[in-house]
Amino acid sequence: MTVLVPQEATAEAVEERAPELAALPPDEVYAALGTSPEGLTSAEARARLERYGPNVIQEAKKRPLIYSLLSNFTNVMALLLWAAAALALIGGLPQLAIAILAVIIINAAFSFWQEYKAEKAVEALRKLLPSFARVIRDGQEQRIPAEELVPGDVLVLAEGDSISADARVVQEFELRSDNSTLTGESLPVRRTAEPSLQADIGYADRPNFVFSGTSVATGTGRAVVFATGARSAFGRIAQLTQTVEAAPSPLQVEVGRATRVISIAAVAVGAVFFLAAITFTSTALVEGFIFAIGIVVAFVPEGMLPLVTLSLAVGVQRMAQRHALIKKLSAVETLGSTTVICTDKTGTLTQNEMTVREIWLPEGEVHVMGTGYEPRGEFRRDGQRLEPGADPALVQLLSAAALCSNARLLPPDERQPRWSVLGDPTEAALIVAAEKYGLHMGDLIAAQPRICEIPFESARKRMSTINQIGAQRVSYVKGAPSEVLKVSSRIQLGGRVEPLTDEWRSRAMAQNDEYARHALRVLGVAYRPVEETEACGDQEQLERDLIFLGLEAMYDPPRPEVAAAVETAHQAHIRIVMITGDYGLTAEAIARRVGIIGEGEVRVITGGELAHLSDEQLQQALQAGDVIFARVNPEDKLRVVSAFKDLGEIVAVTGDGVNDAPALKRADIGIAMGITGTDVAKEAAVMILTDDNFASII
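According to numbering that gives the first Met the number 0, the sequence shown holds residues 0 to 697 in order.
Check each hint, because a few of them may be wrong.
Under the rule of at most 20 Å between Cα atoms (straight-line distance), these lysine to aspartate or glutamate pairs were calculated in the DMTMM-like manner [to be verified]: (1) K485 <-> E497; (2) K326 <-> D690; (3) K485 <-> D442; (4) K460 <-> D544.
To be clear, the hints were calculated from the coordinates, so they are not data collected in a lab. Quick caveat: nothing in here was measured; it's all calculated off a predicted structure.
Could you put together the complete structure from these sequences and hints?
Next comes the structure, spelled out in structure tokens:
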């Protein structure tokens with residue numbers, strides 16, 4: 000059987016064949032896609048490149064610059080001025096005609112120059128480095144330009160790699176992908192090579208697929224490419240963006256309306272005066288006509304167009320000082336008229352950086368200060384600062400969690416101005432917490448080198464490592480608190496090891512539930528000294544009779560400027576609605592934390608529920624009160640934005656992922672993030688925040 004898509008296949012055709020491909024065992028995937036574990040031969044790769052075309056998203060054809068220039072001569076107000084100049088010439092007023100023509104030319108040139116500069120700035124924001132992919136071809140690993148990937152190529156995946164095509168996983172070791180740019184989900188998603196027999200799940204939810212536009216968060220693996228370019232999930236959304244018509248701005252609508260009113264009034268008044276002149280006076284027809292033309296020309300506000308243009312240009316410059324790049328002059332007025340802001344969560348309201356905020360030890364709770372991946376922040380217990388390294392119980396918990404992690408913390412450099420992470424953000428948060436308390440990973444690894452690892456599995460929800468401490472060995476375990484407690488029989492209490500009673504289990508789980516209610520992600524940590532005779536691969540033997548240490552609770556913090564910006568928006572009677580691909584509980588907690596919603600009830604509508612709502616029911620839900628949209632796809636976001644516009648709202652949309660692009664283009668003003676935003680999002684938006692600061696638009 001082969002599921003290699005034909006050359007003319009669309010993204011929808013690829014999606015239809017997805018269940019067949021997902022259901023195959025890994026060893027049958029190669030044959031189904033016309034390849035082998037040794038990859039394609041160079042000759043076959045060239046043939047398929049010729050057949051399928053390069054792995055690129057064809058951008059919608061941009062209008063030549065001359066059209067952009069001409070559009071400034073042919074907008075509604077400019078046409079009215081052209082008519083006025085022509086009438087002035089006919090009426091024997093050449094000086095006035097020349098003055099009006101000068102206004103048209105200067106205004107058009109100025110508007111064109113502003114938009115040209117913005118376009119060049121957008122191009123400068125795009126990444127200059129080409130994208131590459133590692134593949135197996137001719138039996139050897141090769142590094143090729145991503146645009147040369149073809150169906151049947153065997154991708155080699157490792158931590159930090161960008162994924163440049165849709166592919167079926169055939170080998171993996173603890174492989175997780177970061178799908179946030181595609182789905183909006185903030186946490187890495189486990190990928191597997193095992194067959195998936197579920198027929199009723201979405202294309203992007205297939206556990207054995209990886210997708211173009213995403214990246215490898217942790218682990219390694221191999222995957223066989225089955226969709227490239229416009230046939231990939233990334234390409235499908237990009238094409239959806241290109242099919243969305245950009246609506247005229249409110250200013251353009253109002254100027255058009257004003258121009259029509261002025262034109263009708265000018266002609267009507269001119270006609271009245273013409274009739275009056277020839278009826279009640281002895282004025283000749285020609286003189287009456289010239290007199291009427293003068294009346295019509297006098298009605299035309301020659302100064303309005305340059306005045307509006309200059310006002311908008313000043314607004315553009317002011318926004319530029321706030322790190323907001325505006326691609327169209329009219330967007331300034333649209334931003335000022337906005338009544339609803341539809342915003343993404345991950346990367347827009349939040350930093351997309353997991354941070355440990357709370358630690359529970361049997362001796363008491365500890366609050367951790369600081370945000371993001373920068374290893375700086377205090378530890379406080381009962382309001383008192385804890386000196387780094389001074390609390391043995393805290394040292395043991397933080398060390399155990401950090402040593403049982405695979406992420407790497409990366410300091411700022413020329414390419415990345417902030418602290419960043421390679422690997423799972425959750426594990427990165429554990430490492431950052433240890434670093435904040437003075438426990439440096441290099442020192443920990445040198446003192447307790449890892450001997451082996453039992454990877455995390457969704458079935459047992461735990462991960463274990465064995466580390467050497469001098470002549471002794473110790474097993475560190477982290478995972479879901481309930482699962483770690485299940486295999487623990489003792490607890491570390493005041494430097495002593497005590498039996499883990501039912502009371503202590505209940506207290507630990509009660510604290511876990513409290514953290515979970517605040518949308519914090521909680522991990523339990525435990526350890527046990529092990530003998531050299533205990534085999535590393537024997538998971539059941541190692542993960543038993545553990546000594547429970549405590550809990551670490553973390554979350555993706557809001558950007559520091561967001562809460563004040565939201566408050567300012569509410570004071571201006573601007574409504575903010577969160578539309579995210581993440582989970583409803585997490586979205587609601589963040590929305591409450593930054594002030595988007597108050598303490599009252601809020602309706603959380605998932606993508607599944609939205610699919611069953613009619614347009615009328617959706618509009619009723621939007622008018623009924625506070626609402627959050629969670630687990631939605633790009634089409635859902637587009638539909639919500641359209642519903643708001645149908646209600647007469649002026650809608651701004653903020654986002655950074657390719658999943659936000661269609662809604663960004665449909666909005667009255669789309670606002671993309673300049674640092675974390677994808678190229679597709681920046682292309683769809685008319686405003687780009689070069690510092691990713693949400694407050695810049697309020």
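Hint check:
no.	hint	in the structure
1	K485 <-> E497	holds (16 Å)
2	K326 <-> D690	holds (16 Å)
3	K485 <-> D442	violated (31 Å)
4	K460 <-> D544	holds (17 Å)
Hint violations for this structure: number 3 only, all remaining hints satisfied.
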